[in-house]
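Participant: Sequence lines, in order, name chains A and B. Take the first sequence: its letters are residues 1 to 258, numbered as in my numbering. Take the second sequence: its letters are residues 1 to 283, numbered as in my numbering.
Take these hints with a grain of salt, some might be off.
Unchecked claim - Footprint (simulated), chain B over chain A, 3 or more residues, beta carbon under 8 angstroms: (1) 40-46; (2) 86-92.
Said to hold, decoys possible - Listed below are the simulated DSS-like cross-link pairs for lysine-lysine, each with C-alpha atoms no more than 27 angstroms apart in a straight line: (3) B:Lys91 / A:Lys94; (4) B:Lys7 / A:Lys7; (5) B:Lys190 / A:Lys156; (6) B:Lys7 / A:Lys94; (7) A:Lys7 / B:Lys272.
Hints were generated in silico from the structure; no laboratory data involved. Even glycine gets a Cβ: it sits at the ideal position worked out from N, Cα and C.
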Amino acid sequence: MKTTSLKIFYIFFILLFLYIPIITLIIYSFNDATYSTVWSGFTLKWYRHLAENDQLINAALNSLIVAILSSTIAVFLGTITSVALYRYSFYWKKFLYYLIFIVLMSPDIVMGISWLMLFSFFNLDLGFLTLLLSHIAFSFPFVAIVIYSRLRGLDKYIVEAAYDLGAGDFIIFRYIIFPSILPAVITSWLLSFTLSMDDVLVSFFVAGPTFDILPLRIYSMVKLGVKPDINALSAIIFLFTIIIVVITQLISWDKKRG
Amino acid sequence: MKILSFKYFSIALASVWLIIFTLFPNFFILIVSFLERDEINFIKPVATLDNFKTLADPIFLSIFIKSLYLSSVTTLLCLILSYPFVLITSKFTENMKKILLLLVIIPFWTSSLIRTYALITILKANGVINSLLISLHIIDAPMNILYTDVAVFIGLTYTLLPFMIIPLFVSVDNIDYQLIEAAYDLGAGKIRTLYSIIIPLTLPGIIAGCVLVFLPSLGLFYIPDILGGSKSMLIGNLIKNQFLITMNWPLGSSISILLNLVLGILLFIYYKSLRRLNKIVTD
């Protein structure tokens, strides 16, 4: 039918719109020309250039360190918070919900400046520590939401049965709650990791001049002019992302089936 | 009994963290927006309403209007592109839907900065689009797209499209298909069904998508910076400049308050539309 093919075409059009820029980048990362977009033959020299670019590698390593540390700490904090919100009742509980909601909804740029002012109020020098704290702070509500919604699906009677059998809070957490939220813990770690790796808006304000991270380095490289090294770097990052997304999806599909 | 039980430890940890990193910073913005500027310490503890008065200045007003214009057009573009996409996918099999949704999400997980940079390669004078159109003899000379508003629209739409598709997808997926069949049985045509059944039922999704696109588009300063050649100023760029270039923290804070106000209004509209829909459904 004619309308069906039109519909399929439309779906393809949207997907093309989303993917053409990424595919172009990957293709050009193998193009043997510096400024031209004309194909001048296959080369791996941009990847070699990248391997020799110490500044860029250093920034990438810094980003990785911040992303791994911040997502680990955010997952730890978020898990404990969501368990507290799920298990206990206390009279400012609603207030904590609101605060989590505020971070979720606030525009990134507003969070960035608010943390900049917070750090300057406490006289903290901008750098690794302030970057780490902010990345934990913006990942934390996402972790709390993902794990909390997983906890709501948990059978309350299992926890009660454990209580009746004499298990303490920690035993219940270690043997009942933690195993059942493990998929959500892994998903939220990966989510925090990508949030941290991608963030420009918050890092822009709290990173300071001395601690170089990848998004900010790319930003200044892009502003100075396009170089094919970035194509190579982007291709590598994109590959990484796809691997992470596929792992996350496999985990969440497994969760739904189980 | 243990002195530090898990219960008190967990509640205390969550409360302290949220108070320091959410309550305090938001308080700071509010307070600083009512203070005077200081050359050395950024802020002087003197109360004033000047920052908010400055916002009414024609220069700022024109930036706000331009910014609202760019963001509104972006939101509309995202909606127009996403709605047919979501309606078409709603007819597909469950597995196909999952795969398509995954394909939409993958770019959203990739650094938006890198994707914005990728757009330069496509839009520039000797870029992909121009080379293609010239080689097909559709145009003779390269079009100037990069460093114009059009490039900013493309960049913002490209980056924020998944934020529109996902809430729309969820709300279209939740439609009771029997309602649509009932409309057809009662003699409604395709357009009438879309207009009187599908759109009203997906209104919360539409509004959620619009909020999720509109708000970030106001703050994403690096997209107009990179694609618009800093010519199109957005509220985001304005806030950034107050904090990092002109060092006027009180003014920057008051602009942020304005941004939060817009957020509040949008959330209120969303909440109202949900209430209205629930009323219509239960009536």
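Participant: Are the hints correct? Go through all of them and say.
Facilitator: Hints, one by one, checked against the model:
1. With 0 residues carrying a beta carbon less than 8 angstroms from a beta carbon of chain B, the region 40-46 of chain A misses the three-residue requirement, and the given coverage is violated.
2. With 4 residues bearing a CB less than 8 angstroms from a CB of chain B, the region 86-92 of chain A meets the requirement of three and the coverage assertion stands.
3. At most 27 angstroms may separate the alpha-carbon atoms for a hinted pair to count; Lys91 (chain B) and Lys94 (chain A) exceed this at roughly 40 angstroms.
4. The hinted pair formed by Lys7 (chain B) and Lys7 (chain A) fails the criterion: a straight-line CA distance of about 55 angstroms is larger than 27 angstroms.
5. Under the criterion of a C-alpha separation no larger than 27 angstroms, the hint pairing Lys190 (chain B) with Lys156 (chain A) is inconsistent with the structure, at around 47 angstroms.
6. With a C-alpha separation of about 17 angstroms, the suggested pair Lys7 (chain B) and Lys94 (chain A) falls inside the 27 angstroms cut-off, and the hint holds.
7. In summary, the hint linking Lys7 (chain A) to Lys272 (chain B) is not supported, as the alpha carbons are separated by about 34 angstroms, beyond the 27 angstroms threshold.
Violated hints for the displayed structure, listed by number in ascending order: 1, 3, 4, 5 and 7.
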